[in-house]
Structure formats: structure tokens, C-alpha cells
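Could you put together the complete structure from these sequences and hints?
Listed in order, the protein sequences are those of chains A and B.
Mapping the first sequence onto my numbering, position 13 (from 1) lands on 13, and the numbers just tick up by one.
Mapping the second sequence onto my numbering, position 246 (from 1) lands on 246, and the numbers just tick up by one.
If you want the footprint, here are the derived chain B segments under chain A, 3+ residues with CB under 8 Å: (1) 109–121; (2) 125–139; (3) 143–156.
To be clear, the hints were calculated from the coordinates, so they are not data collected in a lab.
C-beta: ideal position from N, C-alpha, C; glycine also.
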Amino acid sequence: MIHRAVRQMVFDELGEDAWLALEHKLGIGPNELLTGMVYDDALTIAIISEASARLNLSVDVCLFEFGRYWIKYAERGSLASIMNFTGQDLASFIENLDRLHLAVGAAMPGAVLPSFTTVSKTPGRLMVEYRSDRTGLEPFVLGLFDGLITRFGATGDVKIADRKANVIVFELQYQDGS
Amino acid sequence: MLLKFTEQQLASLLPAYLRLDSSFCIKAIGPSVAEHLPNIRVGMRCTDVFDFIHTDIEQFFDNPQGVKPIRLVSHCGSTHLFGAAVFDKTGCILAVRHVLSEESMNNGTLYLNDFGYADPVVLSTMLISLQRAMLEESQATAIELAHERERSASLLERTGRVAGYMGHDFNNLLSIIRLNADRLLRKFGHDEKISNLAQIIRETAARGSNITQSLMKLSQQQTDTLLPIIIDDLIRENDTFLNSVVGSGISFDIDLQAGTCESVISYNGLLNCIINLLINAREAMPHGGRMSLSTSVAHGLATRKSDSGETEPSAYIAICVADSGSGMSEALLSRAFEPLFSSKPKGTGLGLASVRDFAKEMGGDVWLESQVGAGTTVHLHLPLANPSAEVQTPHKLGQSTVTPAIGTRHILLVEDEPYALEALAEMLEAEGYVVTPCASGEQAMHALEQQTYHLLLTDIVMPGKTGTEIAKQANRCQPSIKTILMSGYVPDSASLEPGWMFIRKPMDSDDLLRLVASAV
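What follows is the structure in C-alpha cells.
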């Protein structure tokens, strides 16, 4: 699904030919776009890197943009109902991410899924601990949170507040749109 | 134990719980119920807010020690709860949860927070929803793959067609070069210098022909040369090889009774058929047995429909392959020719299917006779090339008892390449045939109205009328006419009819002359 989302992002931004050129360069095709398959991270990173070059973005910025895009991709596609079910506001959605990932893990054995824990919740501010066996995906997570702020009609900012071992603490500051 | 939980603990385990006293008055409300039914208050009677489905309210508290299954629907109809009532001396706890459906997930009436963290129903419902989403994406992927394959097949087909037409044009040029090199050899072959030059041209044309063969492979051209072939001779020539196909441990008899009778077929095509049949027979006898291959001339109704749509009596060359193997049941027999069907674990299911395709293409037929435990006999019938000559004594290729006298064998020659037409006409005339050369189908149609011909020799791919259209028309208006088609490329639209001979361009002059001689 992630690869299909990257493809859709490149489609939306640069058109089909750009994606076909990317496929050609990486030597990939429909076999690398199968839903339900767990692909090697190296392949996903290679696709993102190639996409970033074509979008004229640094890899970090591309990951951030892709995080934002993933939220839009999920809410308008076949994952819409599960996105709606997970939470009706930003705080509850993030609190329930681990429960959502439980279902994802059951549906895709072998998938390496992160964990999110809300360690502090005050009006307009969330502190969320992110744990993952993967490294280097912080810009993607920043983009996800930014996309979620937008999804719930809020405005705000997200940044890394702390970093220790395999735990990264994100700070979300936001104002509800209403 | 549930009864001892604090309201906070209950709220996190069962967000839709309700605590009641023995008068049905609400003592505590779970956060999810409070969220969905904002008018509910502590102190209200539960029955004023909910209908208890299939529950006798009068006797509800009669057994305060037990647990009762329970289902509630709010009066406004928006909240459905189910679970159990757990009683104590002061009342009960309604340990209930929302009824979760995909619809309530889709329309946003329920959220994860409405369910306890350990609620297994939530995980399974989310899993179903997630799998449905993955299935939708997989279907989209499958459609994309199908389109991709369609595009590739279409590209390959277009490439093949282009290769076919390129091959055709190139073959035509090679054919002209080769025929005219042969002319040079015939006319000036006594001059060593000219003879050498003509040989060089012939050999170079032959090398060019190898290139066109590659193009033809790309265009999937598989039409073999179709010649009148003496079936018994074909079997005799391959006798040793056929014996090796049967292998040891099986007694193999060959009984050839078709004499010199010929059928217009592809040599390799028939050989492949016989090999397939022998392999099938061998595999039906893993522990050995008897096998026979026989030929004879048989009479029966033609399987090929005539123009009137009726069958007509005709003579056939019958080829039989019989084995003493395990035989086949009726069920197996009915599916034996089905493509990709095989009763053998490693069978491809292509052998008998390809035999049937070959028989039909050649205007013949094939069928099986079999009984479980009594072996199988395959009957392959192929039409006689010249039914009137069936009872003749052996003769050589090109000889016939009804051969017209030299100088009276009329050939209608159709070829749109003027240099090839000229070379072919000269070559045939040099052999004593009377040739009417035509540069187009339209000219040929006109010529057919003027006189009777023994043979139509025509190119296939031409502007205007194609060779197959001319042949059909010629066979209609002159049923005794023989037909030889020649081409470097046979388009799919040009279906060759049984009995028509075919020679691939660029052809060797001697091969063509032999074919012509055998036809007339």
C-alpha cells in the first residue's frame, strides 16, 4: 500500500510518465506494488529517494511530504472507514494508533510496526513517544502528524522534542479550527 | 470481581457500561453511553431510556446471584448495546458493549474509544475492514496487471504483424532474386563464370532467407509447407525413430496398407501426430504390452462440410494406433481431446488436442475407441490427395494415370510481383506447361471465366483479391482445379482449406516444379 501511495503521489505531482521513468530506473514494476506484501525497507527507501530526486526535494522533505500525503491517501481510499473509526479528534486518533496497528499486524504478518504513546495531553499540546525498530523515518512521522493536524481541521506545528535510544518524543502544538 | 471495580476501571474496560439499582434507577454511566446519549442522567430509570429486548422486566431481579444475557436499544434507536447483566444485592452492572458493524464504522457513529482496550470484537472487526481495504487494492492491482498484460500482448502482436509484413516483402524480393538466378542457371549455366555468379546470388538469397525465418518466428508464422505426401513412405522413412519412441518392453507392429496413396499435409505435422499417439500408447502400458501402427484406405462420409453444408462419401487414408494398455472409461474418453486435460500426473494435455487440431486443419478427423482393461485405438483419417487414383498401383511423385498430355496442362499463375511472375511463367513453360500469367486477382477471375485450368498457382498476399479468395472462387467455378498457394507470410485472415497445397517463399525452383508435377 505504501508503494502504491508513493506512486500516486508521483502521479499527482508529476504525471504517469515520471512514475514509469522511476520504475524503469529502479527496475521495478507491478510486482513491487502488490497490496499485502511486506517489502524490504531498502526497496521502499530506494523508491522514496528516486521520487525525491524527481520531485526536486531532499529525501527528508520528501519523506515529510509523503507522511502528509499518506494521511490524505488513506482517508480518501479504501482505508477511509478504518481511519474514521480510529478517532474523531487528533488526541484520540493518536492514542488509538497502536490499536490500529494491532489490526494491521494481524493482517500483514511480518510487518514492522511502530508504537505511539501519548505521554502528555494538555489543551492544544500533545507529547507523543514514538518507538520503532526502523531508523531514519522521523521526517515521515513528522509529516504524518502534520497531516493528522490538517485532517482534524486544526492548525499547528510538530517538532521533535527529545530523542533517546530508540525513543523519539514528538511535540504537537495545535489550535482547533472550530 | 466486576462488581468490585471502580467506575474508572469499568469505564476503561467497558466504556458503555451502566450500573443500576434494583429499581432500574441508573447509578453510574459509562463514558461512551454518556457521549452518545447526552440526555441520560444518574437517577433516571433505565427503562425510561432503553428498551430491554426479549427480557421480562418484572422478573429481572428475581435471581440476584446470576448473570443474564441482555440486549438494549435506546428509545431514540441510535444506540444498540449487548452483553450481560451481573447482579449483586443492591442491583446490577450492565456489562454491555455497542453492536459494531462495518456500517457503523463507515458512517462514523462509533469510534475506537467506544470500546474497551481489550475488546476482541474490535480487533476482529478492524481486521475484517482492513482486509476488505487490502482486497479492494489487490483488485485494483489485478486490473492494472491485466491491462499491463493486454498492452504487452498488443505490442507484441503489433510487432509480430510488422515483422510478418517485413518478412513477406523481403521474401518476395528474395523469391525474385532466387527465381531469376535459377533462370540464369538454366539459360547460361553452361558458361562457368555466369554459373558461378548465379550460384553466389542463390546462396546469398538463401542466407537472406534465414533472416526472414527469424522475422517469421517473431510473427509466429507456423504454416508448414503442405505437399501431397505418401503416408506409408513417411512412416517407412521414420521407422527406426518411431521404434525408439515406443521403446523396449513393448511389442510394436507396423502394417502399411495405404500403398502410394497421398494426402496433402505437413510432413512434420503428421510425424508429430504419430509420435504423440505412440507416446500416449506407451504411457498407457507402463508394464509393457502390444502396440500397432497401421495404415489403410478407408471409405466413409467426409467430415469436412461441402459448400452445400452436407457431407459426402469420400475415401480416406486411415492411420490407426492401437495399444493393449489399461484403456479409458467413458468419462475419460469424453474429455480425452480437451486441451490441457490429462489423466497422467505429468501430462500436459496437449498431445491429443494437437492431433485433433492437425486432423481438422488437414480436412480429416480423429477419434478414439477404448474400453477399460481392453486397450485403446486411435483412428486418424486424412483425406486422399487424389481420390480417383486410390486404386492405382504404386507410382512416382508427379505421375498419374490421368496426366494430361504434355502441352495441355494449363496453369493459372497469379503473382503481383512482375519479375517473379515472369520468372515463374518462363520456368513452367520450359517444363511444357501452358501458363496463363496474371498480375492480379481481378485478371485471374477473368481468366477463370475464359477456360478450364488444371492448376491454380497463386501468391497469397496481393493488393485487391488475395490468393485464398482467388482459390475459393476457382474451386467453386472449376471443382477439378488443383490449388497451390505460395507466400512468405500467411496472414491470420488467410485460412488455408484442406486439400490446398502450400509452399513457402522464397522457394527452390526444383521443389516448386516437383509440387506442380505432383498436382497435375
